[in-house]
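Full structure from sequences and hints, please.
Line by line, the protein sequences are chains A and B. For the first sequence, position 166 (counting from the first letter as 1) is numbered 166 according to the working numbering, and the numbering increases by one without interruption. For the second sequence, position 31 (counting from the first letter as 1) is numbered 31 according to the working numbering, and the numbering increases by one without interruption.
I should point out that these hints are in silico values taken from the structure, not numbers from a laboratory. Hints may contain errors.
To list a few chain A residues with every Cβ distance to chain B over 10 Å, as calculated [as the list claims (entries may be wrong)]: (1) R87; (2) R160; (3) T284.
Facing chain A, a subset of chain B residues (Cβ under 10 Å, in silico) [claimed, not checked]: (4) R12; (5) L13; (6) L27; (7) V186.
Heads up, the beta-carbon is just placed ideally off N, CA and C, and yes, glycines get one too.
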Amino acid sequence: MSLTLSQRTPLRAMPDPRRLRSYDWVLLLAVLALCCIGALLVWSATRTRLVADGANPQTYLAKHLLNTALGAALLFVAARADSRVFRLIGPVLYVGSVLGLLAVFVVGSTINGAHAWIVLGGGFEIQPAEFAKLGLISALAVLFAQRAAARRPGTPPGPRDLLAAGVLVVIPLGLIMLQPDLGSALVLCSATLGVLIAAGVRARWIVGLLLLAILGAVVAVKAGMLAEYQLARFAAFAHPGRDPQGVAYNITQAHIAIAHGGLFGQGLFHGAQTRGAFVPEQQTDFVFSVAGEELGFVGSALIIALLGVVLWRGLRIAAASTGAARLIAAGIVCWLGFQAFENIGMNLGLTPVTGLPLPFISYGGSSMFAQGIALGLLQAIHRRSHR
Amino acid sequence: MSFADAVGSRRRLGLLRVLLGSLLLTLLCRLAYVQLLDPHKPQQSAGLTHLGSIVIPAPRGQILDSSGRVLVGNRSTHVLTVDRSTLQQQDDQGRSVLAALAPLLKTTAADLQREITPCGVRVPAPCWTGEPYQPVPVATDIDASVVLAISEHAEQFPGVAIDDQTVLDYPGGTLAAHLLGYTGAVSADDQKADPKLVDADTIGRSGLEESYDSVLRGTDGTRQVALDARGEAVGAAGTDAPTPGDSLVTSIDAGVQALAEKALYQQLMAQRAKGKPAPSGAVVVEDPHTGRVIAAASYPTYDPAQFVGGISVSDYAKLTAPGADDPLVGRAIDGAYAPGSTFKLISASDDLMTGAVNTTDSYPCPGSLNVDGRQKTNYDSESFGGPISLQFALDVSCDTFFYLPAVAEWHADQARVDSGQQPQEQLQKMARAFGVASSPGIDLPADEQASGSIGSRENRLALWKANKSDYCAAAKRGYPDVANPTDRAYLTQLASENCTDGWRFFAGNNADTAIGQGDTTVSPLQLATAYAAMVNGGTLFRPTLGWGVVNAAGKLVRTITPSVVRKVPVDRAYLDFFGNALHFQANHTVSGALAFDGSPTQTLIGGKTGTAEVYGKLDTSWLASWGPYQPGAPVGDSKYVVVGMITQAGTGASAAGPMLRQIWEGLLGANGAAPVTRGAKPVSTLPAIKPSLLSAPASQAAPSPGGHATAGPSSSPDALPTRSSATKPAKQASATRTSR
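Listed below in C-alpha cells is the structure:
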C-alpha cells in the first residue's frame, strides 16, 4: 500500500507534459495578466478608504485574491470536462441558476438598487445572475446541437428550434429583469444573439427577432400589461440609482479620472480621483476609471488588448470545435466581449450606466467564479479539439 | 453535427469576430480621445461639491474713542489645530502624533482622539461638530512654551498647526461696556437671517457691536481644500484672504468715560456708606452743539470680555440671576426713571409759551395745595412766603408754582372733553417736543434705548387696561404681607381706586406730570438731549455715538453725523432765560449749586436738580447740568451737558450733585489738575487713524476707570417706576462655548 502511494505521488506532482500542452496558453496568460492588473486596481481603489475607516488597507485585496484563486481552481476543474460533462453542463447550470434567481426573491438582498444577491454570511454573497449567463449559453448550445442532429444536414435551425430557444431565454431573462438588473439582461440577450449567429440561424430570423424584442418591450410597457412595481423596476432601468444626479455624478467623476490619466497615467496608487474615492463603485463597475487614471492610455489600452486576445482565442477555439462545444465557446466569447464593451463603454461615457463587472478585473466573487468556469470550458473545448 | 462544419457557420464565426473586434476598436478610439486628444479635459474643481471651504474669520474692526484710543481691539491668540486628514495618512493613523501632543496640552491621547472624531450616529460626545475636512481646534490661548515645542519639532507633529487667531480685546476692561456691547457666536437663527454667516463668525449681540455689526464684521476669507467623496481633505486648492472689518471711531472720550464711571462708582459707594441703598446710577455727557454722546456710564456693569469666544453657561447665569440687578442693562440709555424737578425745564417752557406765566411777574408758591381734594405739598412743605418769580421758582424748585398752571390746563381740557372736543394737553405736547415718550434714536440697537413715558389721559388708560386685573386682585386681597396697618390700608385703598377709576387722568395727575412725577419717565440720555436743546438754542438732536468709519488702511470711509429731530417750539429767549436763571454762580440760590460750594467749577456751570419720589423707596437723585459759561454770558457758550442720576439715594443736591461736581472738576480741571480733555471742550475733529493701529494688537489702551468691581452686590433691588426695560432680560446671548 505504502509502496503504491510512494510510486504514485511523483506522477501526480509532475503533470503529464502532453496535458499541459493541451491548454491554450495564450488565452491562459492573457487572463492571468488581466487578473494581475485587476488585483492591483482593486487594491488601489480600496486601500485609502479602508485606511480612512481605520481598517486593514489590504482587506479587499485579500478577498479579491481569494476569489481569483477560487475562480482559477474552478477553471482547472472545468477544463477537465469530458463529453459527458458537456451533455450535462447545459441542463445543470441552467436549472441551477434559474433556481438561484428564484431564490433571490425569497432570501435575496438588495445592493445598489438591484435585488440580485444572496448573502451567504461571513462577508460572502452570491449573485445567481452571473451563473445564469453561462447556464443559458450552455443550455442553448445543447438545445441547438441536439436539434441539429435531428435535422437534415446542412439546413439552418427552423422556427420550432427558435421557439424552444425562446422559452429557454425568457425564463432567466424575465427573472433578471424583475430584480431589476438591466446589465445582466443585456448580456443574456447578447450572448443569446451570439449563439444564434454561431448556430447558423437565418439572418432574416435574427433581424426579425431583434425587431420583435424591441416591439414586445414597447408594447408591454405601453399597454400596461405590467404591474405597478414592475413598471417601477423598469423605470429604474432607465434611471439606475433612481437619481439622475447620482448617475451623472458617476459618469462625470469617471470621466475626470480617465481624462487625467494621460498617456502613462499618474502611477499606481497615485491617482487623485482614485485616492479620493470620487468615483463610486470604483473597485467594481468603475474599476476601469482607476486603470485610466493611474495606468494611463498605455495601461488601459493594454487591458483592452488583452481582452481582445481573450476574445480572439475564444473564437479560435470555437472555430476549431464542433457542435454544442462550438456554440458554447461562441456564446462565452459574446458574453465576455459584450460585457467588457458595456463596462468600459460606460466608464468612457459611451454606453448607459448599468451594473456590470469588467471581466477578470472587477472585484466580485460570483463573476470571478462564473468566468473561471467559462474559461475552463473554453480550455476543455480546446483540449478536446486538439487531442 | 453535420451543420457545424458548414461553410455558413464558419462565416458566422467570422462575423462575430468582426462585430467584437469593432466594439473593442471603438473603445480604443474613445479611450485615446478622452485621454490623449480631448482639448477640454474636465476639471475636478468644476464640481463645487468637492471643494470644501475652511473659513478664515475676518478680524473684527476695532471701536475707537474720539482721539483714536482703542476701546475694543484685537488680540492675537494661538490656537492649536489638528488636521484629521493628515493624521490618517500616517502609517499609524496619527496615533504617535496624538500621543506626543497630549502631554503638551495636559490631556490624554484618547481624549484628543475623541475630540477630533467627527460626530456621527455612533460617535458619542465629545466629538468634532464641524466638517470632517476642517482642522479641529483642540486648544486655544496655548502657552508660548508649547508653541515653541511644537514648532521646533514640526516633523514630529504632522497635521498639527498653530494658527494665529484674533479675538476681541478690551484694553479698558469694563470701560463703556454697555455702549460697546458684547459679541456672541453665530446661532442658527442668525444664519437664517444672513446665510453668509458661518459658525466661526463672531456677531455683535448688543451695543455698538450689534448696531454697527455689518461695519465691524468684515468679510471672512476661505481656504479651499479639495475633498474626496467622504469629505476628507486631499489637498489645498487656494486661499481667499479675509477682509478685516472696518473700525468705528466713536464720539466716546475714553478719558471722560473713565471719569464718569469713576465718579458714579465712588458716589454710589459713598451713598451706600451712608446707609442708602443706591443700587444703580447713570451719567450721560453730551456735546450740546452736535448731539454727540461723549460718555455714558451705567452701574452696575459687566465685563464684555466674558463674552469673547462665547460666554459660559454659568457666567451668563450669574449675569442674569434675579439678584444680579441686571448688569447687562445700560441704565444711562436703556433705563427710564421719573425725572422729578429736572422736568421743570419742560413745564416752564409750556407755561411761558402758553402765557400762563411770564419771566417778570410773580406767582404763588404755597407750601401745600389742594387739588381734587388731595393735599399736594412742596418738598418738605417748604413755603417761600408770597408770590415768587419763575426764576426763583426754578432756582428753589417750588413744586406748587408749577402745579397751578398744570391744574388750570387740565380743567380747560376737561371742559373740552365734556363738550365732546379733544383735549389739547399742551404740557404733554411740549414734553413730546423735547423727546419724551419717543425713542431717542441713538445709534444703538432699538431695544437698548428707553423711550420713557409722559403722564396723559391716553397713557393713563393704556396703563389701566394693562394693569386693571392686578389692581382689582390686589384690592380684593388687601396686602396681607404688609406689616404696617397704615401702609396696608393706604395700599388697599389705592388698589381699589385704581381698580375702578384707574383709567381717569385727574387734575392731580397733570400736576404730577408738571413736576416729573406720576407716570412720567425719561432716560438719562433723553434728559441730556432735552437740556442740550435748551443750551444750543432749541435743536433737539438724534444723539449718536458713532462718528466715523475707517477701513483697515486707515482711510475714513464714512462720517456719521447726528441728525436734527426738530426745533423745540420754545422761544430762544426763554431757553437762554432758563440757562441763566439756573447758573450756579456763587451765593446764588440754585438748589444744585449747594454741592459745588468750594469748587472752582461752581461759577462756570448751571444745573437743575431733581428729586423723584418713589413710593416705599428713597428718592431718585438727579442733576442735569451744563457749562462752562460765565454768569450772564450766553448759555450757548457751554461745551458740555452732563446728566447724572442715582437711584434710592435722596435729593438731587445730595447724591447726583457731588457726583457731577467730581465730573465737572475733571472736565474743566481743578485743584491743579488739567482738564481730562485738552481745552476743556469736546474733541471736534476726527482723529487720524494709522493703519498700523488697526492691525496691531491694542497698543494705545484706553484708560480704565480705576479698579472697581463689576456688577457689585446691592442691598436691595433697583425698583423704581421704571418701564420694564430696566429689568428686561438681557438679550439672547449665545450661552455656549464653542469647542474648547
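Hint check results:
Every CB of chain B lies more than 10 Å from the CB of R87/A, the least distance being 13 Å, so the non-interface label holds. At roughly 15 Å from the closest C-beta of chain B, the C-beta of R160/A stays outside 10 Å, upholding its exclusion from the interface. Annotated as non-interface, T284/A keeps its C-beta farther than 10 Å from every C-beta of chain B; the closest such distance is 15 Å. Given the 10 Å rule on beta carbons, the hint for R12/B holds: about 5 Å separates it from the nearest Cβ of chain A.
A least Cβ separation of about 5 Å between L13/B and chain A falls short of the 10 Å threshold, and the interface hint therefore holds. Checking L27/B against chain A: minimum C-beta separation of about 5 Å stays under 10 Å; hint holds. Taking 10 Å as the C-beta cut-off, the interface hint given for V186/B is violated, the closest approach to chain A being about 30 Å.
Violated hint for the displayed structure: number 7, the only one.
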